[in-house]
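Number of protein chains: 2
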Amino acid sequence: MRLSIVCAVLMQSTLSLADEGMWTYNSFPAATVEKLYGFKPSQAWLDDARLATVRLAQGCSGSFVSGQGLVMTNHHCAHHCIEQLSSAKKDYVAQGFYAKTEKDEVKCPELEINQLVEISDVTARVKEATAGKSDQAYSDALKAVMATIEKECATGDELRCDVVSLYHGGLYQLYKYRRYQDVRLVFAPEFASAFFGGDPDNFMFPRYDLDISLLRVYEQGKPAATTHHFSWSKEGAKPGELTFVSGHPGGTSRELTVAQLEYQRDVMLPRQLIKLAELRGLLHEYRHRGPEQARHSKAMLFMVENSFKALRGMHEALLDKELFLAKVKAEAELKKKVDADATKKKLYGGAWAVIEHAQAELKKIREPLVFIEEGDGFKSELFQFARTLVRAADELAKPNDKRLREFGDAALPELKQSLFSTAPIFPELEIAKLSWSLTKLREHLGPDDPFVRQVLGKESPESLAASLVKGTKLANVKLRHRLFDGGKAAIDAATDPMLKLARLVDPTARALRSKFEDEIEAAVNKNSEAIAKARFEILGTSVYPDATFTLRLSFGKVEGWEENGRKIEPLTTLGGAFERHTGKDPFALPKRWLDGKHTLDLETPFNFATTNDIVGGNSGSPVINKDAQVVGLIFDGNIQSLGGEYGFDAKVNRAVAVHSAAILETLDKLYGAKRVVDEIRPLPR
Amino acid sequence: MRLSIVCAVLMQSTLSLADEGMWTYNSFPAATVEKLYGFKPSQAWLDDARLATVRLAQGCSGSFVSGQGLVMTNHHCAHHCIEQLSSAKKDYVAQGFYAKTEKDEVKCPELEINQLVEISDVTARVKEATAGKSDQAYSDALKAVMATIEKECATGDELRCDVVSLYHGGLYQLYKYRRYQDVRLVFAPEFASAFFGGDPDNFMFPRYDLDISLLRVYEQGKPAATTHHFSWSKEGAKPGELTFVSGHPGGTSRELTVAQLEYQRDVMLPRQLIKLAELRGLLHEYRHRGPEQARHSKAMLFMVENSFKALRGMHEALLDKELFLAKVKAEAELKKKVDADATKKKLYGGAWAVIEHAQAELKKIREPLVFIEEGDGFKSELFQFARTLVRAADELAKPNDKRLREFGDAALPELKQSLFSTAPIFPELEIAKLSWSLTKLREHLGPDDPFVRQVLGKESPESLAASLVKGTKLANVKLRHRLFDGGKAAIDAATDPMLKLARLVDPTARALRSKFEDEIEAAVNKNSEAIAKARFEILGTSVYPDATFTLRLSFGKVEGWEENGRKIEPLTTLGGAFERHTGKDPFALPKRWLDGKHTLDLETPFNFATTNDIVGGNSGSPVINKDAQVVGLIFDGNIQSLGGEYGFDAKVNRAVAVHSAAILETLDKLYGAKRVVDEIRPLPR
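Note that the protein sequences, when read in sequence, are chains R and D. Just remember that the working numbering sits 144 ahead of the position in the first sequence, which is counted from 1. Just remember that the working numbering sits 144 ahead of the position in the second sequence, which is counted from 1.
No lab work stands behind these hints, which were simulated from the structure alone. Any given hint might turn out to be false.
[As the list claims (entries may be wrong)] DSS-like mimics (lysine-lysine), calculated; alpha carbons at most 30 Å apart, straight line:
hint	chain 1	residue 1	chain 2	residue 2
1	D	Lys479	R	Lys473
2	R	Lys479	D	Lys473
3	R	Lys244	R	Lys233
4	R	Lys728	D	Lys644
[Claimed, not checked] Sample of chain D residues lacking proximity to chain R, with all beta carbon distances greater than 10 Å (derived):
hint	residue
5	Glu249
6	Leu417
7	Leu463
8	Lys473
9	Leu491
10	Phe551
11	Pro730
Note that this is a predicted model, so its numbers are computed, not measured. For every residue, glycine included, the Cβ atom is placed at its ideal position computed from N, Cα and C.
The whole structure should be built from the sequences, with the hints applied where relevant.
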């Protein structure tokens with residue numbers, strides 16, 4: 145795997161490789177696609193696809209698949225909601241969920257869906273506001289102008305406006321979304337079929353997963369009319385067929401400097417992996433407390449294992465010496481070209497050193513930053529409520545452009561949705577998570593650290609966590625409403641122990657955040673901008689920006705690959721799932737599948753691999769053909785795709801999707817979901 | 145910390161730094177000590193100290209502190225035994241243990257104590273046997289000659305003979321030990337005082353731990369007469385005083401090549417850390433199953449956390465770019481000198497490249513090797529019994545010099561001691577460990593790996609582990625005796641499920657071990673020898689060999705250090721422990737301490753730091769003064785000492801010990817251990 149990633153990295157400066165790239169809709173290389181595949185998407189095609197694609201604000205992609213607001217995404221993207229809607233009596237994660245009628249569709253307490261309706265460039269306005277500034281002045285000006293632009297745009301709660309930075313500050317664009325917060329669950333299969341093969345098969349292929357869920361967006365209590373939606377392909381993806389993936393890749397690091405990559409390799413990734421590994425061990429064993437405890441912690445365990453495997457693959461990629469040397473070489477070449485031109489050298493030549501220094505500074509404050517400000521020391525939903533309430537009391541009293549970004553007017557609908565969520569809180573899991581994270585806080589900062597002493601006093605992490613969770617009343621959503629509405633006076637008067645802790649933590653946490661944003665992030669942003677400009681000037685604009693959880697379109701084809709001389713075929717069948725079934729978790733198909741096996745066409749394609757360039761965040765993205773019809777549903781990448789964080793290797797990097805035919809076959813024959821099958825079924829054309 | 149390690153590394157080629165070095169007794173730099181401290185240990189002094197020092201075969205150091213076989217070591221070195229002797233009714237880990245009379249002393253089921261009685265050089269004989277050979281022939285010849293020498297030496301079960309390799313094969317020496325397998329527990333304090341401060345304070349200083357246990361070696365049912373033993377200092381260690389530490393440092397990596405260090409940094413350490421972190425999370429949560437489960441897993445949790453913290457420090461040291469560049473530079477200098485001399489170049493010039501290639505090969509087989517042969521995939525005492533029985537049946541039928549090393553005649557007493565141990569087996573913990581490790585086996589080799597399929601079949605790791613542990617009868621020590629005595633016929637006829645698994649695993653495991661030993665280890669050994677010779681020829685013999693769990697003597701003095709401009713004093717007091725007491729684990733002193741506080745002289749020195757160069761394995765080593773009197777008991781190093789794996793930094797690397805005065809004060813006043821106090825108390829001189 146890794147040898148060939150090197151080639152991709154080395155060739156990055158020349159571009160454009162077949163099938164590489166997470167392209168923005170407004171600079172999609174339609175001509176390249178035509179040259180390679182004989183089809184050129186028109187502007188209308190692109191506009192339709194963009195408007196039929198959606199984003200789940202919590203971190204996934206999806207698509208409209210009917211005119212009545214029906215949204216297709218992955219099971220794992222809705223897993224948290226499915227768990228929140230479950231109870232000891234009705235475990236929808238284990239049993240699956242299907243709303244037989246519209247009125248059986250149930251609201252997800254925390255899901256928000258966004259449809260990108262407009263992109264406009266605001267680079268000039270942002271640059272004007274930050275011109276000549278550096279450090280805190282730069283950081284303040286940047287945040288203020290972004291907040292102002294966003295507020296001007298977000299004229300109602302149904303609009304979400306984000307100023308996004310592309311090419312690490314090379315461009316600033318205003319992304320205007322239609323926001324849906326009334327999102328209801330329509331269908332989910334059993335976890336055992338959605339995630340058949342479990343962690344062992346995760347990021348692997350061949351694969352046999354029905355990783356789908358169906359949601360519906362509502363407006364004023366009625367299914368929303370969604371004019372732009374994808375229709376369904378009659379036969380679905382075929383080997384060699386041109387495929388597009390429209391979605392929201394979460395983040396890549398292909399443009400980072402060597403110093404930033406070293407920070408990832410030597411500091412961030414090893415520490416995150418160790419943290420996740422320990423949490424994984426804890427959560428695995430936590431299930432032994434009982435079936436309810438197992439149910440409450442299932443989504444979290446899935447997330448932890450999934451992140452662990454993804455980060456592990458990234459770390460392995462960076463530990464590959466050849467890959468890393470290629471990055472070093474590419475950077476040296478770019479710098480050489482910059483230094484060869486006096487003007488460029490003056491403007492951009494110092495940028496790499498500043499970023500390197502910023503990484504060294506970041507390393508120094510990483511532990512307190514991560515544990516105190518970023519929440520690793522206080523893993524608890526109840527603490528998060530407390531912090532939001534404490535900060536809201538301070539922030540909302542300030543003018544919009546002076547607030548912490550997540551308290552800006554444009555961000556408030558999302559903040560309120562999570563603060564006022566009606567999802568259940570599990571006190572036992574809260575205590576376990578908070579005990580553990582307080583232990584890690586003490587371990588990483590040291591028992592004699594003044595902040596740690598202030599937090600723990602004479603308590604142990606376990607005793608403090610138990611008394612906080614048992615003592616707080618913040619699980620009560622009405623109380624959270626009252627405290628939020630009561631503003632600073634209400635918060636200052638409150639004696640709730642979790643609020644008291646959040647108040648105690650806040651000055652230190654805010655100081656760390658300021659230090660990070662004003663000294664480190666500002667320097668990195670400003671100098672990344674400089675490098676981005678240099679790269680534009682030298683390489684032209686025919687490159688795609690690093691992923692940033694903004695909408696992208698990639699192209700590719702249905703294709704397997706070769707591994708150790710063995711050919712991996714691009715498609716699996718429903719029959720293959722039954723062959724892999726052992727009866728023991730995670731290789732146990734649900735009873736419904738075993739009982740209904742005889743009704744299925746076992747030759748139906750189930751999962752497939754494509755050469756599309758995707759990354760985490762693309763989960764739930766539709767795979768569409770040149771007629772913009774759904775031929776599949778992205779849910780994973782192969783293990784080789786994890787190195788895609790740093791560079792794309794067309795030979796082995798593969799996206800993995802559920803085949804559209806398997807979706808209809810199982811919805812129809814196993815789940816009796818006639819109502820939704822009729823809603824999305826391909827009409828005679 | 146790390147900056148200054150660099151200096152040490154850079155200076156390594158010039159030597160000898162004050163206080164650096166884990167010296168063998170037969171090449172101790174007495175003249176250097178005299179120059180630095182005005183005292184030159186005589187040969188008699190050295191012989192006495194050597195014979196008064198002991199090794200715990202399972203991985204610690206200790207010393208004779210009376211003429212009646214009384215051994216002083218750490219609590220954490222005997223923790224496993226103390227746990228094995230405990231029960232739900234009598235938890236000696238929690239409550240401590242004291243044998244009021246000799247007949248109350250209880251035998252530890254698995255402890256073996258060794259006293260080094262003779263060292264002789266066998267380099268010529270070993271080199272002769274391996275001359276001109278490479279790969280498997282080299283490996284076979286080396287193992288055969290070592291087995292033969294050891295067998296000739298070990299004329300009775302009371303003798304243990306190990307051919308040890310020093311300077312990575314530069315020298316081979318025969319270490320002849322007096323072996324004691326009847327080792328009884330005399331005294332242990334409560335875990336809460338032995339490990340006061342727990343994991344947060346581990347590898348930290350200032351410190352307040354009574355990390356001591358007292359054992360006694362028996363011969364023919366009577367306390368052994370131990371002519372050579374240390375007497376007790378009247379006042380104990382004082383600031384600035386010259387101190388010697390005699391013990392068995394487990395291993396260092398100061399002479400490794402850059403390729404070997406890269407393997408540690410990029411492969412071995414990250415993977416081990418991730419494994420330990422996950423196991424740590426699991427064991428922490430396992431305690432919630434109940435108080436008995438917590439008791440059964442306490443020693444294992446301690447070991448896991450201790451290893452994790454130690455390896456983490458090592459990894460951080462290797463990730464330090466300056467340290468690593470210094471290693472690269474030092475190697476380049478040595479190679480340059482080799483290449484400058486045609487004869488040396490021909491003999492040694494290719495060694496580094498061969499070792500580098502071997503590391504690449506090792507990386508390829510590491511996962512199966514570690515999981516299948518080295519036991520990471522089968523973490524279970526019962527499986528270990530099964531493997532030992534299966535292998536013994538094959539190995540003992542072979543001539544001594546053809547066997548796997550641990551089945552050689554010279555090694556059999558140790559093997560039998562652990563195979564026939566009467567220590568309790570905890571089935572629930574066995575199932576938890578085995579489930580987890582089988583899950584890791586599947587994760588690391590993949591669910592479709594033929595070996596994994598062979599082992600798991602249609603079972604899940606959990607169901608297989610449960611059926612194996614519940615189905616096997618190997619917890620019965622009499623059955624193990626019968627099977628061992630029955631030889632191959634008995635093993636082949638057995639239908640015990642754990643034995644069947646061990647038989648199934650063995651061919652693959654043995655093949656991996658052969659591949660490792662014959663292709664990788666042989667190449668590394670042979671070429672490390674070459675580099676060691678080159679280093680001898682160029683730098684002379686005034687360097688100490690890397691630690692290998694063989695007896696070493698280090699010198700230094702009682703001294704604190706400076707950290708971020710703050711001076712750390714070298715001694716703490718008993719009173720300090722009470723100040724640090726919060727009442728919550730791990731900062732809760734036992735009731736006995738709180739009740740007895742008024743009886744104590746709170747000014748008594750408790751723990752102290754010295755500049756002695758030590759490493760893991762030195763735990764339990766006596767700290768002695770120039771009169772060869774005990775002034776303390778090594779139990780830890782500071783966090784900066786963890787980088788000592790790769791180089792010694794005299795400025796901040798500190799050993800940490802319990803003060804001899806605190807031992808007597810607490811034995812006498814808190815534990816009423818008059819019998820042992822009288823046995824070791826300093827006599828009027």
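Do the hints match the structure? See the list:
About 26 Å separates the Cα atoms of D/Lys479 and R/Lys473, which keeps this hinted pair within 30 Å; it holds. Using a Cα cut-off of 30 Å, the hinted pair R/Lys479 and D/Lys473 holds, with the two alpha carbons roughly 26 Å apart. Proposed proximity of R/Lys244 and R/Lys233 is supported: the alpha carbons are some 19 Å apart, at most 30 Å. A threshold of 30 Å between alpha carbons decides the hint, and for R/Lys728 with D/Lys644 the separation of about 22 Å falls inside it, so the pair holds.
For D/Glu249, the non-interface assignment is confirmed: its Cβ lies about 35 Å from the closest Cβ of chain R, beyond the 10 Å cut-off. The claim that D/Leu417 lies off the interface is violated: its Cβ sits roughly 6 Å from the closest Cβ of chain R, which falls inside the 10 Å cut-off. Remark: the non-interface label on D/Leu463 conflicts with the geometry, its nearest Cβ contact in chain R lying 5 Å away (cut-off 10 Å). At roughly 19 Å, the least C-beta separation between D/Lys473 and chain R is larger than 10 Å, which holds for a residue marked as non-interface.
Annotated as non-interface, D/Leu491 keeps its C-beta farther than 10 Å from every C-beta of chain R; the closest such distance is 29 Å. Remark: the non-interface label on D/Phe551 is consistent with the geometry, its nearest Cβ contact in chain R lying 34 Å away (cut-off 10 Å). Look at D/Pro730: its CB is around 8 Å from the nearest CB on chain R, not clear of 10 Å, so calling it non-interface is violated.
Checked against the numbered hints above, the structure breaks hints 6, 7, 11 and satisfies the rest.
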